[in-house]
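Could you build the full structure based on these sequences and the hints that come with them?
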Amino acid sequence: MSGVAITAADINKLRQMTGAGMMDCRKALTETNGDFEAAIDWLRKKGAKVAALRGDREAKEGVVLAKTTADNKTGITLCVSCETDFVGKNADFVAFAQSIIDAAIANNVKSLDELNGISINGAKVADLVNDKLASIGEKIGITKFERVDADYVASYIHGANRIGVLVGLNKAAAEAGRDVAMQIAAMNPVAVDANSVPAATIERERAIVTEQIKTDPKMAGKPDEMINKIAEGKLNAFFKESTLVNQAFVKDNSKTVADYLKSVDGGLAVTEFKRVALG
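Residue 1 is where the sequence shown starts when you use the working numbering, and the numbers rise one by one after that.
Be careful, since some hints might not be right.
As a list, the in silico BS3-like pairs of lysine-lysine whose alpha-carbon atoms are at most 25 Å apart [as the list claims (entries may be wrong)]: (1) K218 to K229; (2) K240 to K214; (3) K229 to K171; (4) K73 to K171.
Derived CB-CB ranges, DEER-like [said to hold, decoys possible]: (5) K234 to R178: 31 to 39 Å; (6) T201 to K255: 19 to 27 Å; (7) T271 to V4: 37 to 45 Å; (8) K110 to A172: 33 to 41 Å; (9) G159 to K218: 36 to 44 Å; (10) K46 to G266: 43 to 51 Å; (11) A160 to V264: 47 to 55 Å; (12) N170 to K218: 40 to 48 Å; (13) A106 to R178: 20 to 28 Å; (14) G159 to G137: 22 to 30 Å; (15) N121 to A38: 44 to 52 Å; (16) T30 to E232: 26 to 34 Å; (17) K262 to S111: 33 to 41 Å; (18) K46 to Q98: 40 to 48 Å.
I should point out that these hints are in silico values taken from the structure, not numbers from a laboratory. Even for Gly, the Cβ is constructed at its ideal location relative to N, Cα and C.
Here is the structure:
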């Protein structure tokens, strides 16, 4: 039994994150001592269909922007968050966020800490954020910052400043870059390809699918060798669904993203991508 008090607010938060039922969320949090990420894994191991946890739930409302340098060698995407969509959609707030990303590009900023320290019209960005907080009366902040450097970087903003994407390519290809950025915005892949999926993510997925198989009544008494083989098959399905180049291309699902890139230029490849989203 958990030694942590599970509140109604905790249960509701997990429901919002996963879409799972209230009683399942309560049980998951109880079994994992209130650890939300562990609770999500617990739900998945029990076969629950849950929303993907991709680390892009930091800002509830706000503005996401993406911009590249004039030579398309560098791109920056960031989120300036706020508490309500009323503020997030306000033209002055959007312009404020735009001034920040413009300054980030102009100053060749490489990190969020560096961004907070640069000046716009004589005032540090961190101070401008605090001033805006005071004038609006909502908690605001620059909650996400990502940068991509490549031979060619494409940028894309989706859904009224709700998702920003940067795509690094090994050669200039503006239209293809935009198409791939739209793919990333829509399908939220975890990595470029299977080889670039973090080891921790692979082991997490392997543990989840293995547990799912073991708890399936149809698999009762089956040897570990068979279970492991089925688990690897499910992992391959995960790679197909969750890695960019193996996903079905959203503009033509008869081909993969890799097929699409090859049709544009046999040597064209995605080197890196970043996706920032409200949620």
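**Item:** Violated hints - listed by number, lowest first
**Value:** Hints 3, 8 and 11 not satisfied by this model.
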